[in-house]
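Student: These protein sequences, in sequence, are chains C and L.
Per the numbering used here, the very first residue in the first sequence carries number 163; after that it's consecutive.
Per the numbering used here, the very first residue in the second sequence carries number 6; after that it's consecutive.
It is worth saying that the hints were derived from the structure and are not from the lab.
Just so you know, even glycine gets a beta-carbon here, dropped at the ideal spot from N, CA and C.
You may find that some hints are simply not true.
Below, a list of computed lysine-lysine pairs in the DSS-like style, where the Cα atoms sit at most 30 Å apart [to be verified]:
hint	chain 1	residue 1	chain 2	residue 2
1	L	Lys555	C	Lys193
2	L	Lys302	L	Lys444
3	C	Lys222	C	Lys193
4	C	Lys193	C	Lys279
5	C	Lys279	L	Lys555
6	L	Lys555	L	Lys451
Okay, the calculated beta carbon distance ranges per label pair [said to hold, decoys possible]:
hint	chain 1	residue 1	chain 2	residue 2	range
7	L	Glu146	C	Ser344	53 to 59 Å
8	C	Arg314	L	Asn346	43 to 49 Å
9	L	Glu130	C	Asp166	45 to 51 Å
10	C	Ser285	L	Pro84	57 to 63 Å
11	L	Ala526	C	Glu356	45 to 51 Å
What follows is each chain in one-letter form.
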Amino acid sequence: MKSDRELWAVFGLPPGADSRDLKKAFRQLTKRYHPDSSKDPATARRFSRVVRVYELLSRKAGPARETPAEPGGTDPEEDLFALGTEFTVSRDAVTRLEAVKRLGLSGKRSAYIFLRKALYDDSPEVVAQAVRSVALLGIRQAEGEMASLFSRSGSALKRTILETARGTREPVFLSALRVARSDPDASIASDATEILGSLEGC
Amino acid sequence: MIRGILGIDFGTTNSLCAWIEDGRPQIVPNDRGSRTTPSVVALSHSGEILVGESAKNQAVASPQTTLTGVKRRLGSRDPVRLGDRSFPPEEAASWIFAKLKRDSEAFLGFPVEQAVVSVPARFGEAQRRAVKEAARRAGLEVPRLVNEPTAAAVARAFLDPEEADTERVVLVYDFGGGTFDVTVLAARGRVCEVLSSAGDDRLGGMDIDALLYREAAEAFRRDWGVDPDSDPFLAQQLMDLSERAKIELSSRSEVTFTIPFLNAGRGLSHPSFGLSRARLEDLTRPLAERTLSLVRKALDEAGKRPMDVGALVLSGGSSRIPLVRRMISELLPLEPEGRVNPEEIVAVGAAVEAAILSGRAGGFVVRDVNSRTYGVEIEGGRFVELLPRNEPLPSRRRRVFTTVVDGQESVEIHILQGESGSAAENLSLGRFLLPGIRKAGKGEPKIQVEFSIDESDLLRVRAMDLDTRTEQAVVVTGSGADGGDAEKLARLAARVRSLAGAEDIDNGFRSEIEELLARAAWAVESGSEEDRRLARGSLEAVAGELLARKKVASP
Numbered sequence: 163m164k165s166d167r168e169l170w171a172v173f174g175l176p177p178g179a180d181s182r183d184l185k186k187a188f189r190q191l192t193k194r195y196h197p198d199s200s201k202d203p204a205t206a207r208r209f210s211r212v213v214r215v216y217e218l219l220s221r222k223a224g225p226a227r228e229t230p231a232e233p234g235g236t237d238p239e240e241d242l243f244a245l246g247t248e249f250t251v252s253r254d255a256v257t258r259l260e261a262v263k264r265l266g267l268s269g270k271r272s273a274y275i276f277l278r279k280a281l282y283d284d285s286p287e288v289v290a291q292a293v294r295s296v297a298l299l300g301i302r303q304a305e306g307e308m309a310s311l312f313s314r315s316g317s318a319l320k321r322t323i324l325e326t327a328r329g330t331r332e333p334v335f336l337s338a339l340r341v342a343r344s345d346p347d348a349s350i351a352s353d354a355t356e357i358l359g360s361l362e363g364c
Numbered sequence: 006m007i008r009g010i011l012g013i014d015f016g017t018t019n020s021l022c023a024w025i026e027d028g029r030p031q032i033v034p035n036d037r038g039s040r041t042t043p044s045v046v047a048l049s050h051s052g053e054i055l056v057g058e059s060a061k062n063q064a065v066a067s068p069q070t071t072l073t074g075v076k077r078r079l080g081s082r083d084p085v086r087l088g089d090r091s092f093p094p095e096e097a098a099s100w101i102f103a104k105l106k107r108d109s110e111a112f113l114g115f116p117v118e119q120a121v122v123s124v125p126a127r128f129g130e131a132q133r134r135a136v137k138e139a140a141r142r143a144g145l146e147v148p149r150l151v152n153e154p155t156a157a158a159v160a161r162a163f164l165d166p167e168e169a170d171t172e173r174v175v176l177v178y179d180f181g182g183g184t185f186d187v188t189v190l191a192a193r194g195r196v197c198e199v200l201s202s203a204g205d206d207r208l209g210g211m212d213i214d215a216l217l218y219r220e221a222a223e224a225f226r227r228d229w230g231v232d233p234d235s236d237p238f239l240a241q242q243l244m245d246l247s248e249r250a251k252i253e254l255s256s257r258s259e260v261t262f263t264i265p266f267l268n269a270g271r272g273l274s275h276p277s278f279g280l281s282r283a284r285l286e287d288l289t290r291p292l293a294e295r296t297l298s299l300v301r302k303a304l305d306e307a308g309k310r311p312m313d314v315g316a317l318v319l320s321g322g323s324s325r326i327p328l329v330r331r332m333i334s335e336l337l338p339l340e341p342e343g344r345v346n347p348e349e350i351v352a353v354g355a356a357v358e359a360a361i362l363s364g365r366a367g368g369f370v371v372r373d374v375n376s377r378t379y380g381v382e383i384e385g386g387r388f389v390e391l392l393p394r395n396e397p398l399p400s401r402r403r404r405v406f407t408t409v410v411d412g413q414e415s416v417e418i419h420i421l422q423g424e425s426g427s428a429a430e431n432l433s434l435g436r437f438l439l440p441g442i443r444k445a446g447k448g449e450p451k452i453q454v455e456f457s458i459d460e461s462d463l464l465r466v467r468a469m470d471l472d473t474r475t476e477q478a479v480v481v482t483g484s485g486a487d488g489g490d491a492e493k494l495a496r497l498a499a500r501v502r503s504l505a506g507a508e509d510i511d512n513g514f515r516s517e518i519e520e521l522l523a524r525a526a527w528a529v530e531s532g533s534e535e536d537r538r539l540a541r542g543s544l545e546a547v548a549g550e551l552l553a554r555k556k557v558a559s560p
């Protein structure tokens, strides 16, 4: 039984994202987990799950953002440094959140130079999106920092970390889940134990 | 067409250019044939920009439209004032660079588009950036900044090929117009390794001039009833005389300041004031003692005693002062080496670095050092240093910590950069958690924290529970002191390439890495410093990711 939030978490997106972002995240994940690119059975399982959840969500996804047509109709590659600068200099949490989301959708692992900073952002919403973007990109080097983030977070952010871990099953959450197992909040602790079991089972 | 890279000693009071021709250093004279160009800029009555001697000459007539010591203003946002106009400090400094470039081109006979510029070792990032910006505005790209004391040691080593196989501890005592720096190096032939450095960027010959000025101004007020402080014209004349008196007193025992035909309201007078070397030494002694305490600090940091020093290199005009020479020679005890003029040695070192960069210096090598201190926060908000600055690269330091609470299952490693004993005063670089610690009483678990930094300045921090062997690591991105360094970027690219070869990585990541390596290669070859900095940031993130995957792959 999955909540809506957890379905969106599979794609590293906040609930109710628009269809354009969903499609972008879907493309990124299917490219990475396509059975042609790996013989690992876990990859194949992951791929079919991504496809299944995409079909479910694409029926629910909001309309695509109104964006002016690009000349020639091409979708230009996101400029990481432009996004990173936007994230770094903006005082507006909504702008930072959008930049952090797009860093995740860029498909570039090197976006972590900015996403790492976002894990320390003042706004919990921006931090939550940084967690999702790290997971969408499949960044592994953030494991220790993710655990540290979990231990200093309030329960809303802790739940975001757990639901993103459940949705994406990324190894980046392993240490955070191990810490979460002994969380004073019993429901967080039991969720963590369950997610950890399914992750380690893979 | 770039014919070569010039070496520039951009000083607080004077600047010099040097060039290596057939293995020999050569000081490049300015358009008046002088080996030094005063670092002075001025606006003439007609609004023309004057630089060097002509600006210095105008200082006497019109101090309000003359600017000295612009180097000390670099890195600040406050504009400098010249008459009724104001300029960013790097704009004013760029006029000096423009003159040095013009004069050097005229002397050398080919265009000069790049220069290695020396800076005080204690200059921070903002000041270094301002120096490069000033040079850039003058049409000079700066592929490398070199610390002044390192330049002096490099020059000494370059000029002394006979010592090819002897290893020595070299102490560079650099007392210039505006700054003091001391550096302890281990030199073996032409290979120099910085062991430690200390300094004060607000201590120099100008401070001695100011003390002499105070002394003279006081005498003028007392004996002649004229107040130089309320007369900019007289103040500038007296300031000039103070500097000349200081220099003269290096070779004479007494000098007299005279300002003839002074009209100070009560008719003409010819005020004068006599100063002895003994008095100058009384005034200078506290400053000299301050330099000696910094020398002791640097020796301590290097783990050396005064008698371990095998060579003393003096640099900077203020090191010519007899009292200063006497005091440093007594401390070590050692006579200074006299092969190079102390005022020219830094420029020669910058030229040697320039020759190394353009591949014209044979097998001459200088080892890089880590220029920042890194450590972790421990109980009570204290900071423990793990990787001190001035460590030769590559370097690795480990230390074992423990838990503070019974049954503690995880520890947080808070990585900081800085030298204060209080963690809050240092720069936070990140936090990570190591879970899975063996359950035990407080103080029992053994957590090993390791800081390692490679030749490319890539800093990695690892924590491991020595009982359970659980470990966690991070690569610290954006921590390097000189993110725009081309050589270090090239080394980082090589490291990423070898890491990427060994790992099982998906196609998307593979093509991202290839693209970033191509961009880094371009940045090394022909990009700007900013391009290299950006390329470096991305490659650090990639290196961190590849190292993390390596850890997962190998059980």
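Student: Now tell me, hint by hint, if it's right for this structure.
Tutor: Taking the hints in turn, this is what the structure says about them:
{"no.": "1", "hint": "Lys555/L with Lys193/C", "result": "holds, 22 Å"}
{"no.": "2", "hint": "Lys302/L with Lys444/L", "result": "violated, 43 Å"}
{"no.": "3", "hint": "Lys222/C with Lys193/C", "result": "holds, 23 Å"}
{"no.": "4", "hint": "Lys193/C with Lys279/C", "result": "holds, 27 Å"}
{"no.": "5", "hint": "Lys279/C with Lys555/L", "result": "holds, 23 Å"}
{"no.": "6", "hint": "Lys555/L with Lys451/L", "result": "holds, 24 Å"}
{"no.": "7", "hint": "Glu146/L with Ser344/C: 53 to 59 Å", "result": "holds, 56 Å"}
{"no.": "8", "hint": "Arg314/C with Asn346/L: 43 to 49 Å", "result": "violated, 58 Å"}
{"no.": "9", "hint": "Glu130/L with Asp166/C: 45 to 51 Å", "result": "holds, 47 Å"}
{"no.": "10", "hint": "Ser285/C with Pro84/L: 57 to 63 Å", "result": "violated, 36 Å"}
{"no.": "11", "hint": "Ala526/L with Glu356/C: 45 to 51 Å", "result": "holds, 48 Å"}
Hint compliance for this structure: hints 2, 8 and 10 are not met, and every other hint is.
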